[in-house]
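Peer 1: The primary structure of each chain is shown beneath.
There are 2 protein chains.
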Amino acid sequence: VNWGSSTQALSYVSALDNALELTTVEDHVKNFRPQCIVLTGEPMTRPALLDISHAFTKNSGLCICCEVFVGPRKLCVKEMNSGMAKKQAWLIKNKIKAFYAAVAADCFRDGVRSLLQASGLGRMKPNTLVIGYKRNWKKAPLTEIENYVGIIHDAFDFEIGVVIVRISQGFDISQVLQVQDELEKLEQERLALEATLKDNECEEGSRGIRGLFKKAGKLNITKPTRKKDGSINTIQSMHVGEFNQKLVEASAQFKKKQGKGTIDVWWLFDDGGLTLLIPYILTLRKKWKDCKLRIYVGGKINRIEEEKIAMASLLSKFRIKFADIHIIGDINVKPNKESWKVFEEMIEPYRLHESCKDLTTAEKLKRETPWKITDAELEAVKEKSCRQVRLNELLQEHSRAANLLVLSLPVARKGSISDLLYMAWLEILTKNLPPVLLVRGNHKNVLTFYS
Amino acid sequence: VNWGSSTQALSYVSALDNALELTTVEDHVKNFRPQCIVLTGEPMTRPALLDISHAFTKNSGLCICCEVFVGPRKLCVKEMNSGMAKKQAWLIKNKIKAFYAAVAADCFRDGVRSLLQASGLGRMKPNTLVIGYKRNWKKAPLTEIENYVGIIHDAFDFEIGVVIVRISQGFDISQVLQVQDELEKLEQERLALEATLKDNECEEGSRGIRGLFKKAGKLNITKPTRKKDGSINTIQSMHVGEFNQKLVEASAQFKKKQGKGTIDVWWLFDDGGLTLLIPYILTLRKKWKDCKLRIYVGGKINRIEEEKIAMASLLSKFRIKFADIHIIGDINVKPNKESWKVFEEMIEPYRLHESCKDLTTAEKLKRETPWKITDAELEAVKEKSCRQVRLNELLQEHSRAANLLVLSLPVARKGSISDLLYMAWLEILTKNLPPVLLVRGNHKNVLTFYS
Chain A
1 VNWGSSTQAL SYVSALDNAL ELTTVEDHVK NFRPQCIVLT GEPMTRPALL DISHAFTKNS
61 GLCICCEVFV GPRKLCVKEM NSGMAKKQAW LIKNKIKAFY AAVAADCFRD GVRSLLQASG
121 LGRMKPNTLV IGYKRNWKKA PLTEIENYVG IIHDAFDFEI GVVIVRISQG FDISQVLQVQ
181 DELEKLEQER LALEATLKDN ECEEGSRGIR GLFKKAGKLN ITKPTRKKDG SINTIQSMHV
241 GEFNQKLVEA SAQFKKKQGK GTIDVWWLFD DGGLTLLIPY ILTLRKKWKD CKLRIYVGGK
301 INRIEEEKIA MASLLSKFRI KFADIHIIGD INVKPNKESW KVFEEMIEPY RLHESCKDLT
361 TAEKLKRETP WKITDAELEA VKEKSCRQVR LNELLQEHSR AANLLVLSLP VARKGSISDL
421 LYMAWLEILT KNLPPVLLVR GNHKNVLTFY S
Chain B
1 VNWGSSTQAL SYVSALDNAL ELTTVEDHVK NFRPQCIVLT GEPMTRPALL DISHAFTKNS
61 GLCICCEVFV GPRKLCVKEM NSGMAKKQAW LIKNKIKAFY AAVAADCFRD GVRSLLQASG
121 LGRMKPNTLV IGYKRNWKKA PLTEIENYVG IIHDAFDFEI GVVIVRISQG FDISQVLQVQ
181 DELEKLEQER LALEATLKDN ECEEGSRGIR GLFKKAGKLN ITKPTRKKDG SINTIQSMHV
241 GEFNQKLVEA SAQFKKKQGK GTIDVWWLFD DGGLTLLIPY ILTLRKKWKD CKLRIYVGGK
301 INRIEEEKIA MASLLSKFRI KFADIHIIGD INVKPNKESW KVFEEMIEPY RLHESCKDLT
361 TAEKLKRETP WKITDAELEA VKEKSCRQVR LNELLQEHSR AANLLVLSLP VARKGSISDL
421 LYMAWLEILT KNLPPVLLVR GNHKNVLTFY S
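Keeping their order, the protein sequence lines are chains A and B.
414 is the number that full-length UniProt numbering gives to position 414 of the first sequence; each next residue is one higher, with no gaps.
250 is the number that full-length UniProt numbering gives to position 250 of the second sequence; each next residue is one higher, with no gaps.
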């Protein structure tokens with residue numbers, strides 16, 4: 001049996017041995033690393049999501065780009081396996097230290113569940129889920145929302161942290177990629193055509209005919225280019241062109257060096273410290289090193305200074321360099337009428353309004369549209385809803401100009417609120433802001449000040 | 001932030017980089033390696049299954065010991081995560097180059113599906129599923145059978161090969177381990193007791209009292225030992241004692257060097273070559289190097305010699321050293337009455353016998369017991385059933401004395417036969433034989449003679 005080149009065999013065995021050796025290292029907060037499942041789908045389709053994840057995993061953790069194929073199994077498996085090598089190669093080619101992993105499943109959530117639980121090898125296994133913010137939640141089919149929120153709950157159940165990334169333009173550029181592919185195809189056709197024409201010219205002796213060929217050549221050469229503009233025009237006529245331009249720029253925003261500025265961390269719950277660790281790792285990167293950390297925490301209005309000092313000493317124990325600490329004393333005050341109104345209008349279409357109906361109709365509606373937000377529920381979590389609205393006010397006030405916002409992800413017990421209300425929370429919380437990471441660790445400590 | 005010792009950090013990064021580097025190696029039959037998901041449950045509970053898998057994965061492939069926790073998720077995850085480190089440590093301690101992986105799932109099959117699809121990292125991902133033979137299939141609840149057969153189908157769907165291992169005594173020694181634990185506890189108690197007594201003696205000056213302590217000591221020392229025998233007796237009185245003895249011996253059989261003898265390979269379908277590759281790898285191991293390969297293949301009775309020559313040249317192209325090739329010309333003849341009778345008696349309890357009933361009752365029965373074997377089905381696959389029975393006859397005739405049997409796993413299209421009939425096939429095929437590996441590759445070639 002031919003075992004392939006000895007170098008290959010060697011690199012395999014050493015990779016395996018290294019991985020095995022790792023398993024002997026005792027688990028300890030000291031050697032926690034962000035090991036991320038990033039739901040990029042096809043890796044090339046969400047560059048910004050991949051770039052930001054790579055920024056805090058590269059060399060200090062693990063990054064697995066994951067894709068879930070939903071549909072008839074045999075077909076999915078075929079498609080999945082045929083693309084494997086190509087997609088992994090793309091990552092390598094683009095110098096992204098990440099693995100590509102894919103599963104075929106009956107539904108998206110099942111697939112992600114498999115990846116969360118089973119992917120990785122020994123110590124190199126995920127402890128953090130990174131997903132893009134679902135910006136189309138208002139229009140998306142309900143099952144999609146259920147899957148999306150369900151995945152977040154699954155992650156917590158498996159003791160895996162969650163990072164939701166939002167950039168205003170969204171991540172998915174597959175549309176653009178399609179157009180680019182088409183253009184490339186055309187370009188290649190054109191070149192092929194030119195080539196053949198040249199050949200013919202060389203072979204061809206007689207002037208007259210050569211002239212003829214030249215004409216033909218020009219014709220053939222110009223036709224595709226016209227087509228080229230054409231295909232772009234059609235896009236623009238679809239009012240996608242300018243949008244695509246913005247999208248492409250946005251999708252590259254984490255590739256370039258981040259200028260002087262701040263990463264604002266709003267650490268509102270003790271989640272073990274992931275919310276603090278990720279921005280800290282970012283500041284160690286070349287691209288982000290000109291960004292200063294500003295830490296925002298809640299506190300009692302009447303003891304701002306004490307809390308500030310306490311926090312400062314904690315951070316210095318963690319050896320986290322920070323530019324500034326702000327203790328926010330007025331998180332729990334009511335949001336102002338306008339912003340509350342915005343929230344109410346946002347959820348209006350999903351409300352059941354059962355209280356202003358007689359019991360039987362109310363019950364009937366509940367049965368028919370169980371996904372709707374009931375008045376009872378809304379009342380029960382009113383305080384939390386207010387908090388999200390209020391927080392956005394504060395974020396607008398303090399962090400509007402930050403390069404990046406890192407913010408504790410609000411969570412609600414499973415089943416305690418409807419998926420749509422939860423999405424509304426995330427929406428209002430992160431509305432009109434710079435790029436946001438909503439972070440929630442798995443409550444295991446990831447920071448330590450023992451040495 | 002404290003990143004743990006620099007050596008740890010280094011080993012992590014190098015493990016990761018190695019794993020990443022591997023992904024750049026292009027996939028090729030030349031660098032196929034058996035990368036196995038082994039369903040050991042808790043690694044220590046099925047030593048023989050783990051040992052044999054380790055024998056053909058160690059240094060030449062990947063071995064992942066897998067456990068599925070079925071039940072309420074939160075509980076499962078808790079139990080799972082708490083045991084993780086301990087079980088991996090056990091593998092390392094016992095010099096087994098294997099990873100421990102576990103998932104929590106609603107049912108066993110779901111869990112295995114996750115592991116088959118998602119486990120591993122880059123190139124180090126499973127391509128072969130190794131499971132023990134389900135010897136209790138006759139008594140086991142139907143859902144267990146469904147899961148078991150279902151898992152085999154899932155593996156093929158995911159283009160993953162399957163190896164089913166059968167040893168007459170079975171693999172699971174958890175019972176025995178429990179008893180051992182108890183005994184150890186008792187032993188420790190005893191030692192603790194002795195120790196305290198000794199201390200007392202030292203402190204204690206006066207003869208008389210020391211004497212008294214001595215007595216007490218004896219008493220206390222003897223009591224546990226009596227208990228010790230006691231707990232063994234109880235086991236024996238449960239008629240498990242001798243059985244356990246056999247079990248323990250059987251479970252260690254692949255740990256010791258295999259004497260002079262043969263590994264008989266019955267290669268009955270071209271499955272890509274896994275059926276040939278695994279025994280070949282075994283012969284490269286110290287433990288197995290005194291075992292010669294004997295290859296058995298089907299052929300036309302009237303051209304035995306030609307087929308023999310053809311096979312020989314193929315094997316030599318693969319550079320597989322073999323002691324002997326047998327072309328079996330009479331696989332497809334009818335089995336003799338006795339052995340067929342054995343098979344019929346085996347399936348009798350699961351048969352529906354609808355044909356000897358009127359249509360309505362037949363339909364009714366079908367609805368009530370859909371898992372039963374219908375006459376129609378039995379007739380449809382009669383030939384295949386005969387084949388299994390006949391093969392066992394041949395195996396008895398040629399390979400009864402082999403140290404190990406490697407045999408193509410019979411497969412039937414999903415839904416084409418009932419799970420119970422399939423189990424009956426496996427049962428009759430591997431009945432009263434030395435340890436058997438039923439192997440079926442994923443039909444991708446794993447052997448090559450290009451250089």
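Quick caveat, the hints were computed from the structure, so don't treat them as lab data.
Hints are not guaranteed to be accurate.
Note that identical chains are pooled: a pair holds if it fits in a single copy or bridges any two copies.
Unchecked claim - Heads up, simulated PhoX-like pairs for lysine-lysine below, C-alpha to C-alpha not over 25 Å straight-line:
1. K414 to K78
2. K414 to K74
3. K317 to K431
4. K93 to K134
5. K87 to K444
6. K86 to K444
7. K93 to K78
8. K95 to K337
Peer 1: Next, verify each hint and record whether it holds.
Peer 2: Tested hints:
| no. | hint | result |
| --- | --- | --- |
| 1 | K414 to K78 | between (36 Å within a copy, 18 Å between copies) |
| 2 | K414 to K74 | between (34 Å within a copy, 12 Å between copies) |
| 3 | K317 to K431 | neither (34 Å within a copy, 67 Å between copies) |
| 4 | K93 to K134 | neither (29 Å within a copy, 46 Å between copies) |
| 5 | K87 to K444 | between (33 Å within a copy, 21 Å between copies) |
| 6 | K86 to K444 | between (37 Å within a copy, 19 Å between copies) |
| 7 | K93 to K78 | within (24 Å within a copy, 40 Å between copies) |
| 8 | K95 to K337 | neither (49 Å within a copy, 67 Å between copies) |
Hints 3, 4 and 8 from the earlier list are contradicted by this structure; the remaining hints agree with it.
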